[in-house]
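Peer 1: All chains, full assembly: derive it from the sequences and hints.
Those protein sequences? They're chains A and B, same order as listed. For the first sequence, the residue numbers in my numbering are 114 to 480. For the second sequence, the residue numbers in my numbering are 12 to 307.
Sample of chain B residues lacking proximity to chain A, with all beta carbon distances greater than 12 Å (derived):
1. Thr14
2. Val46
3. Tyr73
4. Val101
5. Gly102
6. Thr123
7. Asp143
8. Gly155
9. Pro182
10. Phe234
11. Asn253
12. Gly256
What follows is a set of in silico ranges between Cβ atoms, one per label pair, in the way DEER data are often shown:
13. B:Tyr113 with A:Glu249: 48 to 54 Å
14. B:Lys17 with A:Gly159: 53 to 59 Å
15. B:Val122 with A:Asn203: 33 to 39 Å
Keep in mind the hints are simulated off the structure, nothing from the lab. Glycine included, every Cβ here is placed at the ideal spot set by N, Cα and C.
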Amino acid sequence: MKIVLQNLTKKFPGRGKKAQGEVTAVNDLSFEIADGELLALLGPSGCGKSTTLNLICGLEKPTAGHIFFGDRDITVLSPELRGVGMVFQNYALYPHLTVRENIVFPLENRKGKDKLSREEMNAKAQETARLVQIEELMDRKPGELSGGQQQRVAIARALVKMPGVLLLDEPLSNLDARLRLKTREEIRRIQKQTGITTVFVTHDQDEAMSISDRIAVMRDGVLMQLGKPQEVYDNPESLFVAKFLGTPPINVFEGQVRGERLYIGDEAVLEAGGVPDQPVWVGIRPEGFLPQEDGPLSCALGRVEVLGRDISILSSHPACTGQTLRSIISAETRVDASAAQVHFALKPGKVFLFHHETEERIPCVLG
Amino acid sequence: MSTNNKKAWLYLLPALLFLIFFMVYPLIDVIIYSVEEGYNFASQTYFGVGTYNFSYVLHDPYFLQAVKNTFILVIITVPVSTGLALLISVGLSSIRPLRELYQTIYFLPYVTNTLAVGLVFMILFQRTEYTDGMVNLLINWFGGESVDFIDGPYWAKMFVLCFYTVWVVMPFKILVLTSALASVNQDYYKAARVDGTPRLRVFAKITLPMISPMLFYLVITGFIGAFKAYSDAVALFGTDLNAAGMNTIVGYVYDMLYGDSGGYPSYASAAAVILFVIVLTITCVNLLVSRKKVRY
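Peer 2: The structure is reproduced here in structure tokens:
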């Protein structure tokens, strides 16, 4: 089902004795989620991504704006009438019920003509359990399951009523690193298999990039950028998005554009055609550095880390905003680890210019 | 390892000494007294050993009356007070404005002096030369006949005793239950809401199982507390409970020791042992039931 958010705003009343100062969690948010799409809401904590999810789910009512499922305006509809399945961060499995009882719980709530017989409910539960591969755990209690298994049960409980929309709140944050990789593949597989429109919230950019069709990067309740993971990575519209995506993170330098040339420190590193003279932020992805004897950017070499597949060079530069700048180069390149200086040429496609005040991307072709 | 063991015993010693002197020794002593027939406190002599004391107590109409009173008190007050406390706690946790005020009001009986409570109940129920008491005024207003709650029919006196007991034990239960309700993770309720669970089903299927350990604790302590009831009856009906027909088992034990008919430690001990057996049985039954129903 297609989801449309239209000028969605959510304000919470201020906390504390004086109850003053509203907090705007979501600010004039508008975007569309296509039918059958897996969309990640990505952002640092407090950016309003969970609130957005709660608004779509119906657990919160928006202060302003509209939400549509397909053509249906469901802005004021209560959650159970929206046909959404929700998986909570801590799974919220009822600990006193068995896995089977947990999964049929949503079905047992149905009344009137939607009411199912016990056999139909069990059949549906079994079918959903097969989908998430927990058939052999049906008679256990949640407390006897591992984190990953609990996660699957929670997804099964959300899916059993055949919702039009599946919502996942930080689905992987309670799992250990190894299980996280496995579970995110699993979520992707289940989503593809059911073709259900899915929105999931995460603060982990790896998670978002690896499995989603598109990612929506949020900050302070505002949508910063929406697009396919690779597009957002290759074309960040703001310094924030550039910094938020990518591990290791992007290196940011203070720079100058003078006479259509980009200077970092006193060194002219690239041609910047058509950009007026101004101070800029220069973002360079770690893979954007090429060590060269006569490279224009010279840095004080700190350490060379050999990782097998590639080499990462830790160095420092006075104009760099971070303490160390990290560059990743292919393992074939030989680097003299004892040298005091390392010189880099830059790959123009991995270098982005941002406005010094607004921190927005300066559209230009570097060369 | 053995030095550690010795140390542990050393640290436990003060507490153990207290327990042995004030709990274990008296307990054994009571059981010994209860089987010594014709024990004389002054001369410290007895005729023999047997079950006569138990037979006497079990045939004493006052004791049978006390047992009956105690059982009625237990059967009425434990479910009523726990149920009411649950209802009030659920109400308290679902309102936002004035919650603190209501919590304070409901907790007041817990910190109020027993004598002050007695005074309040006198105003409510006692008939004097000037007035029949507030409850009777209400009954009259609805067109009923005045009832003497303190010296009147048995059911009226039992009603006052139950009412008083419920009122006294409820604050603590409300306190425990409100904190139990507050500790239930809100995500369960959110999940239930997304699935469109009706309110009653949420209460029966989620809230109750979640707070069942606390509920069970209250029922067990409630049973034990009600079986040991004595001072409440004294506060309402005076010290001669046998004459008022409102004696309890603990009251009977006390009367046998120090009351007008006092001076019979053997009978008192036998009655105490019978009470112990009753409480033990009920608690065991409770534990067996809870194993099926309570989730820890």
